[in-house]
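A.B. asks: Protein chains in written order, with the working numbering: chain G, 419 to 607; chain R, 21 to 185.
Just so you know, these hints were derived from the structure itself, not from any lab. A hint or two may mislead.
[Claimed, not checked] Among the chain R residues that face chain G by a calculated CB cut under 7 Å, a handful are:
no., residue
1, A65
2, T66
3, R67
4, G73
5, G77
6, A78
7, M80
8, K83
9, L107
10, P111
Glycine is no exception: its CB is placed at the ideal position from the N, C-alpha and C atoms.
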Amino acid sequence: MIRYDALEVLAEKEGDKDTLIIANIGFPSKELYEICDRKANFYMLGSMGLSSSIGLGLALARPDRKVIAIDGDGSVLMNMGSLATIANQHPDNYLLVIIDNGAYGSTGNQKTATSGLTDLKKVALGAGIQNVAVVADESDLKKKLDTMENGVLVVKTKARNKKVPVIHLCPADIIERFMEISSPPSHSG
Amino acid sequence: MDPSQEVFKAIKESNIDFIVSVPCANLQKLIPMVDSDPDIIHVPATREEEGIGICAGAYMGGKKPAIMMQNSGIGNSINALASLNRLYNIPLLIIISHRGVEGEPICAQVPMGEKTPLLLEVLDIPAYKPNLVEAKKTIEKATRKAFEEGKQAAILLSIGFWRES
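Using the sequences and the hints, build the whole thing.
C.D. replies: Below you can see the structure in the form of structure tokens.
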């Protein structure tokens with residue numbers, strides 16, 4: 419399984435629902451855009467490391483909605499304190515999906531610490547997150563996405579990017595259409 | 021007049037309903053005020069940049085966010101302020117305890133304290149430096165402007181500010 423395969427599974431499970439999805443900068447955003455573009459996807463074009471934080475803020479602001487943040491191992495390693503904050507806030511509508519391919523996929527597949535000794539499942543558990551799971555193939559990923567409402571799901575994949583085009587949306591368009599879905603009705607109406 | 025109380029009153033008057041905090045000694049009275057307010061979601065963050073991300077998410081969920089930090093935290097917030105807030109026009113009120121200025125007893129605070137206004141200037145983030153009497157009005161006005169324009173506003177509250185009464 420590569421990241422693209424994992425995102426296809428995620429899109430198949432959540433694409434038709436009104437789940438709010440935060441997509442990490444670089445290939446995760448571009449690949450999700452190619453697989454399943456929808457208004458309820460927020461594509462990060464900058465601020466590497468903050469996918470899990472943006473997702474947390476959104477989940478706390480909208481406890482009535484399911485929020486999924488798609489993160490990467492390199493990005494989580496850059497903002498590991500976020501796991502401690504998520505653990506202590508523990509919103510039950512927030513699932514953090516970490517695509518762990520052991521590489522900085524968008525910058526030339528340089529190895530990350532998870533290709534060495536670092537274990538993100540243990541990091542998440544140590545940070546205090548109660549609900550942590552690891553999957554390494556599509557069928558297990560499908561099952562977990564059916565049953566896991568919150569916590570951290572580590573998806574082990576191979577390090578490879580799909581050839582996908584860039585996102586043809588400007589930042590203003592991305593946030594405007596996202597907020598049509600993510601804002602409470604009183605704000606968007 | 022109590023400095024923490026004045027800032028809190030401005031926060032409430034501005035309808036701020038989501039606050040991330042990273043502590044500073046000068047914020048030690050304000051943080052519990054925010055934490056115990058039933059109409060404000062308070063999220064203590066581990067690092068300021070993380071907090072900028074949390075506030076951005078909260079804004080997209082319809083909240084009116086602010087972050088409270090020491091000025092040292094601006095250093096590690098710059099990329100997020102530029103490539104998240106500025107890029108997508110995400111508004112934010114930034115309440116900053118400004119250390120390293122007149123009256124600072126710790127020399128290590130001085131280099132970053134001196135450069136903080138310049139860093140905000142480079143980011144095109146207006147920095148307001150009110151005294152105690154004008155603080156409430158200034159914060160309310162700065163917040164209104166930031167949220168109307170999709171921009172950020174920084175309130176620099178110096179060592180002297182916290183000692184006023």
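A.B. asks: When the structure is checked against the list of hints, which entries are broken? Sort them ascending.
C.D. replies: Hint 10 contradicted; others consistent.
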